[in-house]
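Participant: So you can see what is in the structure, the chains are spelled out below.
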Amino acid sequence: MEELYLITAIAGRAVAMPSERVDSVVDLGSIVPVPAAPRHVCGLAALRSRVVTVIDAAIALGATGQAETGRAVVVTVGGHLYALLVDRLDDVAPFSVAPLPDGVRLDPAWARAARGVIDRDGEAVLVIDPAALIDSAPIVSSVESPRTIAA
Amino acid sequence: MDDLIQEFIAETRETLDALSGEIVAWEIEPNDRARLDAIFRFVHTVKGSCGFLDLPRLARLSHAAEDGLQAVREGTRVPDSHFVDAVLAIVDRIGELTEAIDQGRSLDDSDDENLIRAINGAAPVAAEVVGPANDRGKLPARSVRLGVELLDRMMGGMSDLVLVRNELARRVRDAGAAPEIEAALDRLSTTVAELRDTVTRTRMQRIESLFSALPRMARDTAAELGKAVTLVIEGGDVELDREMIEMIRDPLAHIIRNAIDHGIEPPGERTRLGKRENGRIRVCARQAGNQIEIIVSDDGRGIDTERLVRKLIDQGMLTPGEAARMTDAAKRELIFRPGVSTAAAVTQVSGRGVGMDVVRANVERIGGLVTLDSEAGQGLSVVICVPLTLSIISAISVCVNGQHFAIPRTAIEEIVAADNPLLHRDRIGSANVLRLRERSMPLVGLGDVLGIPAAGGGIIAVVSATEGSYALAADSIGDHEELVIKPAAPLVMSTGLYAGETLPDSGTPMLVLDVSGIARNAGLRFDRAARGDQEMEQIEAAEVDRRSILLFRGTDGIRRGIGLSLVDRIESPGHGAVSIVGGKPHVVLDGRVVPLAGVGDPNCEISVLRLHDGISTVAHAIDQALDIVEIEPTLAPPPERGVGILGIALIDGDPVEILDSYWLFAQQGQAPLADRRCALVADADGWMAGMLRPLIESAGYRVTMVASPDQADGPVVSLGEAPTVGVALRRDASPGGPDDRSVYRYDRDGLFAALEQLSANGGRG
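Protein sequence lines, in the order shown, are assigned to chains G and H.
Following the working numbering, the numbering of the first sequence begins with 1 at its first residue and continues without gaps.
Following the working numbering, the numbering of the second sequence begins with 1 at its first residue and continues without gaps.
It is possible that part of the hints are untrue.
Said to hold, decoys possible - Distance ranges between label pairs, derived from CB positions:
| hint | chain 1 | residue 1 | chain 2 | residue 2 | range |
| --- | --- | --- | --- | --- | --- |
| 1 | H | 568 | G | 88 | 53 to 63 Å |
| 2 | H | 172 | G | 92 | 50 to 60 Å |
| 3 | H | 652 | G | 88 | 17 to 27 Å |
| 4 | H | 520 | G | 79 | 20 to 30 Å |
| 5 | H | 183 | G | 25 | 37 to 47 Å |
| 6 | H | 431 | G | 69 | 41 to 51 Å |
| 7 | G | 39 | H | 592 | 44 to 54 Å |
| 8 | H | 176 | G | 88 | 32 to 42 Å |
| 9 | G | 119 | H | 184 | 50 to 60 Å |
| 10 | H | 215 | G | 39 | 53 to 63 Å |
| 11 | H | 421 | G | 78 | 24 to 34 Å |
Unchecked claim - Residues on chain H that point at chain G, a partial pick, calculated with CB under 7 Å:
| hint | residue |
| --- | --- |
| 12 | 438 |
| 13 | 442 |
| 14 | 495 |
| 15 | 503 |
| 16 | 509 |
Everything labelled a hint here was simulated from the structure, so no lab data went into it.
For each residue, glycine too, the CB sits at the ideal point set by N, CA and C.
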């Protein structure tokens with residue numbers, strides 16, 4: 001069965017998110033940092049009259065690169081709004097999702113978010129669950145914790 | 001009363017909706033304890049509400065169902081299908097009756113007896129036809145119940161509007177637009193501000209609205225139990241989110257009923273114990289840091305922990321071994337267990353152990369806490385603590401490394417400049433300690449806790465956390481604002497440093513600091529008991545020597561100070577709130593007209609200091625609040641006496657005028673109401689009662705109506721006759737003769753002048 005997917009790029013790689021999980025796609029203004037928060041929390045931004053928590057999707061997936069476009073995918077998790085910073089937005093199109101090919105092993109951060117793959121014009125694109133990027137504190141610590149780097 | 005019944009109907013309807021699933025499930029599995037408890041709580045709540053709403057039919061039905069269910073809870077009765085049917089029939093009937101009350105129609109009550117008999121185990125009897133039901137009919141609702149979500153959306157839209165207004169204002173200013181455009185923008189700003197106030201108020205309610213039903217309930221409950229209770233209510237003007245108020249309505253009622261039933265002893269016993277015959281229950285609300293606290297304290301017998309433990313052991317809910325290991329506090333906590341009661345007898349009111357567990361469940365559901373403070377024989381205090389989130393709070397922002405953070409105003413004891421000569425910073429081992437006057441306290445750098453570089457502490461805020469006070473250093477101080485605090489995302493809250501997030505008018509999100517969390521994070525350890533009274537004495541002694549002064553910039557741009565103890569609040573009444581009434585400037589605060597001092601141009605945007613001397617309120621216009629400082633009690637005398645300046649203080653090397661608040665109240669304040677009494681002699685047309693009374697009352701007089709001037713014992717006003725005492729009013733505009741000392745009845749100034757003179761002469765003119 002085909003469903004709509006939003007194709008974006010995170011940490012230089014194409015990634016698909018189920019579009020029903022996505023509230024909107026925005027360009028964020030200034031971001032106010034949240035001191036002492038986990039490293040993948042960039043800060044807070046105002047989205048009209050609401051405050052969104054901005055997540056650097058690349059860091060949440062264990063990459064080091066910082067997305068600097070201000071372009072973000074807004075999702076609601078547990079009643080809170082989050083903006084996931086992404087490299088770019090490509091497309092929204094219907095696809096049918098397939099399980100990961102046998103034997104493929106992902107990094108823990110990617111594995112936790114992965115929900116399958118879709119075939120986009122012959123290119124395999126990983127489907128991720130945006131909620132997994134938000135609640136990724138254990139993954140960040142298992143990959144590289146900012147505190148241990150500082151120490 | 002109408003409101004209460006409407007509340008009751010809405011509440012019952014909602015609970016029934018929520019309960020319908022439970023009921024079905026319970027029907028299938030009658031031994032399910034959790035579902036049984038849910039249904040039991042429902043009928044118990046209905047019974048409690050009916051008791052004071054005077055709905056005897058509902059009370060009888062719910063009491064019967066409660067008895068039956070209690071028997072099942074105690075295990076003395078098996079919930080067979082016959083019993084389940086009977087309970088369901090009663091729950092249905094409660095629903096029907098509630099709807100009937102709402103629509104104001106009556107419902108045949110012939111079957112009620114049958115339902116009650118059925119639940120008591122008897123076979124149903126054929127219904128007899130009895131007279132029509134006598135439940136009182138009600139008018140349809142006059143109020144509208146709205147979902148909080150709708151209010152949230154309204155609030156969201158409102159905030160958007162404010163942000164757009166701000167941006168528009170900025171652009172208009174930058175572009176140097178024509179005066180007409182600026183005037184239109186001004187009008188827009190005024191409307192937006194008013195609208196925002198209104199929308200904000202839709203979510204906020206004074207806790208008064210929760211407290212107003214309590215005296216009646218306490219009286220009725222006490223009367224039913226043959227006890228005498230005096231209920232004292234304080235802090236009714238604390239504001240709380242409407243949703244929060246709804247959530248604590250039931251818990252509060254339960255706590256007060258419990259206090260009267262279990263806490264307060266019967267009058268005879270109280271006399272024997274040497275207590276006042278009237279039990280005293282004090283209900284007090286206050287905002288404490290990030291929390292709203294509601295304290296219900298009684299002077300009754302407190303919790304008899306030994307008896308409670310014995311009873312639990314008897315019921316098999318506790319083993320003697322467990323009991324022996326428990327601390328006193330843990331034993332007290334036992335009253336929160338479901339099914340526990342210390343009452344010897346089951347009464348109409350309570351004593352079934354439902355209550356405290358429901359109380360705790362309801363309060364914890366909104367993120368609150370219920371704590372106990374009991375002393376056997378001396379009384380019990382129950383403290384309900386609910387979080388500030390969802391509430392609007394007054395906050396001050398501090399700045400570190402260019403980023404602003406909000407601190408609730410109530411958590412701040414004072415703010416001092418870091419280079420204030422009164423401050424001493426010491427390093428004790430690895431810890432920083434701040435000595436301010438006679439107090440020593442831990443010093444925490446906000447930047448250090450947050451892990452961001454700080455410029456080195458330009459200001460120091462003394463903040464009080466739940467555990468104790470400490471000093472928090474930041475770069476600078478920002479604005480004072482009213483903020484809507486929302487809980488931040490779990491990722492942010494889990495840092496333990498923040499109480500929430502907010503979007504101020506600037507449009508840039510701001511984090512709200514949790515001062516208790518920061519203390520924990522900084523590793524501060526407070527030991528309340530160790531501090532003891534000694535420090536309190538020191539503080540009190542220090543307070544005698546020094547005075548806290550609020551520094552502000554007046555509307556004329558000059559820096560002045562005023563004694564902090566009288567400053568109730570700083571408010572921004574907004575554009576156009578200042579008006580000239582009777583030749584003097586006034587400002588509208590909380591729907592009341594308050595005399596305003598210190599105002600220059602009434603059209604300027606101002607803030608006001610709200611001063612309160614316990615009886616009257618006076619406002620003083622300011623441009624901006626600057627700082628709170630301590631000064632020496634001895635001031636240099638003012639150049640001139642009697643102009644409202646108490647003296648000159650030296651602050652940061654500059655002379656600053658300190659306002660004489662005594663003079664301010666003497667000039668502006670209305671005389672205390674108690675001193676101004678006046679009796680009106682009723683006339684046949686009702687003119688005195690209808691026209692004159694409101695006028696005189698609005699001038700601050702306490703008015704009584706009397707039939708003849710002789711019955712009055714103070715200033716008296718009469719119409720049309722020639723009284724021997726007091727003010728006589730006449731119907732004709734022109735005086736009756738040269739000796740006529742009467743006042744034309746529409747001559748307002750003349751009337752008040754005569755009244756004033758009369759009051760001054762001790763009543764009889």
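Participant: Run every hint past the structure and note whether it holds.
Facilitator: Right, here's what the structure says about each hint:
1. H:568 <-> G:88: 53 to 63 Å: 55 Å, holds
2. H:172 <-> G:92: 50 to 60 Å: This hint is violated: roughly 39 Å between Cβ atoms.
3. H:652 <-> G:88: 17 to 27 Å: 54 Å, violated
4. H:520 <-> G:79: 20 to 30 Å: 26 Å, holds
5. H:183 <-> G:25: 37 to 47 Å: 40 Å, holds
6. H:431 <-> G:69: 41 to 51 Å: 45 Å, holds
7. G:39 <-> H:592: 44 to 54 Å: 52 Å, holds
8. H:176 <-> G:88: 32 to 42 Å: 40 Å, holds
9. G:119 <-> H:184: 50 to 60 Å: With a Cβ separation near 58 Å, residue 119 of chain G and residue 184 of chain H satisfy 50 to 60 Å, so the hint holds.
10. H:215 <-> G:39: 53 to 63 Å: 55 Å, holds
11. H:421 <-> G:78: 24 to 34 Å: 50 Å, violated
12. 438: 33 Å, violated
13. 442: 19 Å, violated
14. 495: Holds, about 5 Å.
15. 503: It holds, given that the least Cβ distance between residue 503 of chain H and chain G is near 5 Å, below 7 Å.
16. 509: This hint holds: residue 509 of chain H lies near chain G, its Cβ roughly 4 Å from the closest one there, short of 7 Å.
Hints 2, 3, 11, 12 and 13 from the list above are not met by this structure, while the remaining hints are.
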